[in-house]
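S.K.: Now for the letters of each chain:
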Amino acid sequence: MRAFRKFASVITSVLLALGGLAAQEDTEREVERYRQMLKADPWSNPGLLDVDRGEALWNEKRGPKNASLEGCDLGKGPGKVDGAFAELPRYFKDVKRVMDVETRIVWCMEKLQGFARADIIKRPYSKANQSGTELEALATYVANRSNGYKFKPSLKYRKEQEALALGETLFFRRQGPMDFSCSTCHADSGKRIRLQGLPFLSKPEEARKVMGEWPAYRVSQGTVMTMQHRITDCYWQMRLPQIDYASDVVIALTMYLVNLAKGSDITAPQIKR
Amino acid sequence: MRSAFIVIAALLALAAVREEAGAQSPAVVEQAIKGSWTAASPDWQARLLQDETQKACSQYRNAPPRKVADKIIAREKTTIKYPADGKLMGDWKKGEKLAQSGYGGRFTDYPPRAENGGNCYACHQLSRKELSFGTLGPSLLEYGKDRRFKDDEVKSAYERIYNPHAVIPCANMPRMGANNFLTIEQIKDLVAYVMSPESPVNK
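Chains P and Y, in that order, give the protein sequences. Residue numbers for the first sequence follow this note's numbering, so the first one is 2 and each next one is one higher. Residue numbers for the second sequence follow this note's numbering, so the first one is 401 and each next one is one higher.
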């Protein structure tokens, strides 16, 4: 009887364990199935709702100046959206600063539409199961208009080279109560936090696989997530204070990652767990 | 003779350039950091400052040369505080809860609603029954059993959790004790979790 009880308990724990593993594998499998469905029918990607909303916001006359964003210069000249994201972050002469897509959109909303910066960046990220914020929709729209393009970051200007060097240094900078750097989790192949796989971002082959997917639609959150948001969440996990929206640190890290991913395809918004 | 001198000088110059490649000057980095966390309060901003060990490990990307490594070990060894009663093992059941918990230290964790966790499972396999474990660190399954539950291994485990840099300079693992993330009592519970024969880690 005792032997049987022991046997039963072993069986139970094995079943429980398999159940947990199966649940995780199910999630992965479901996300993969989702991706396959999207390949067959790209229009079923829920992230495209944000693209559409972003496009409407882009073209609509809004703000104190009652202007649209159609005159916004994303680096290839006013009004040129196609392929612009593939060359961001880049140096903008008018502000003498390197900007990523989100920082530039904020600047255009400020200058062209007359919105107050504080109001624009008050709530840049949506929470789970909320619809995307205006900034998320606009960034997703602009990124999507570079689908079919490859990352082609410019290093023509000294400030661009400086941003790249800053990003690389920051990637390896250890700090905070847990001594973490980006490289703690992203400098080796095939590693996981719990069951979550981690890309080896400082290796070009792996950076190329993931960088073009962002902004991405996250199934678990039911909303799109931008690169600014993704990096902010990493710093949160690293036990650091909340980083400012559109900060030089996030722009520099993006510059570093985009340079590693140089030549890879943009497929935003992709589907993530 | 002269040409040999020139070659050596050129090699030295090349080596200097190599070390600089990809790295931004500390002044520029600190400036960018200052300008990127402006909304944080001063005590939160203090988290962005690096101590000597963090600086060295960042500079050498966790592969410090021998001399630097020795300095790190010497410095970090001095940070380790031991329990007053000399008992290094606590309660493995409490240790298991700590190993599971990733709570604490994030800006959404204030005011604290629970004690800080050790978050061991984020990176390590520990007991056989927990399948959701990370792989950034080595598997610790049967950690104590593999070490025959020896007293000196108990002490080593305590020191490794308290301050891993005292053993492996520029280890990826957080300095749970030295950084005051976990208390001495909590570290004792974690030591029991990996070193106690009764713990599921060793079953």
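No lab work stands behind these hints: they were computed from the structure. Since this is a predicted model, take the numbers as computed values, not measurements. The reader is advised that the hints may include incorrect statements.
Said to hold, decoys possible - For lysine-lysine, the following BS3-like pairs were computed, each having C-alpha atoms within a straight-line distance of at most 25 Å: (1) Y/K529 x Y/K603; (2) Y/K494 x P/K160; (3) Y/K555 x P/K192; (4) Y/K497 x Y/K550; (5) P/K81 x P/K204; (6) P/K112 x P/K81; (7) Y/K455 x P/K204; (8) Y/K529 x Y/K455; (9) P/K151 x P/K94; (10) Y/K434 x P/K94; (11) P/K112 x P/K151; (12) P/K123 x Y/K434; (13) Y/K545 x Y/K497; (14) P/K192 x Y/K529; (15) P/K151 x P/K204; (16) Y/K434 x P/K97; (17) P/K204 x P/K153; (18) Y/K529 x Y/K493; (19) P/K204 x P/K157; (20) Y/K555 x Y/K494; (21) Y/K545 x Y/K494.
S.K.: Now, for every hint given, state plainly whether the structure supports it.
M.R.: Hint by hint, here is what the structure shows:
| no. | hint | verdict |
| --- | --- | --- |
| 1 | Y/K529 x Y/K603 | 10 Å, holds |
| 2 | Y/K494 x P/K160 | 52 Å, violated |
| 3 | Y/K555 x P/K192 | 29 Å, violated |
| 4 | Y/K497 x Y/K550 | 24 Å, holds |
| 5 | P/K81 x P/K204 | 32 Å, violated |
| 6 | P/K112 x P/K81 | 17 Å, holds |
| 7 | Y/K455 x P/K204 | 23 Å, holds |
| 8 | Y/K529 x Y/K455 | 39 Å, violated |
| 9 | P/K151 x P/K94 | 23 Å, holds |
| 10 | Y/K434 x P/K94 | 23 Å, holds |
| 11 | P/K112 x P/K151 | 29 Å, violated |
| 12 | P/K123 x Y/K434 | 20 Å, holds |
| 13 | Y/K545 x Y/K497 | 21 Å, holds |
| 14 | P/K192 x Y/K529 | 20 Å, holds |
| 15 | P/K151 x P/K204 | 18 Å, holds |
| 16 | Y/K434 x P/K97 | 19 Å, holds |
| 17 | P/K204 x P/K153 | 17 Å, holds |
| 18 | Y/K529 x Y/K493 | 14 Å, holds |
| 19 | P/K204 x P/K157 | 23 Å, holds |
| 20 | Y/K555 x Y/K494 | 19 Å, holds |
| 21 | Y/K545 x Y/K494 | 20 Å, holds |
Of the hints listed earlier, those the structure fails to meet are numbers 2, 3, 5, 8, 11, in rising order.
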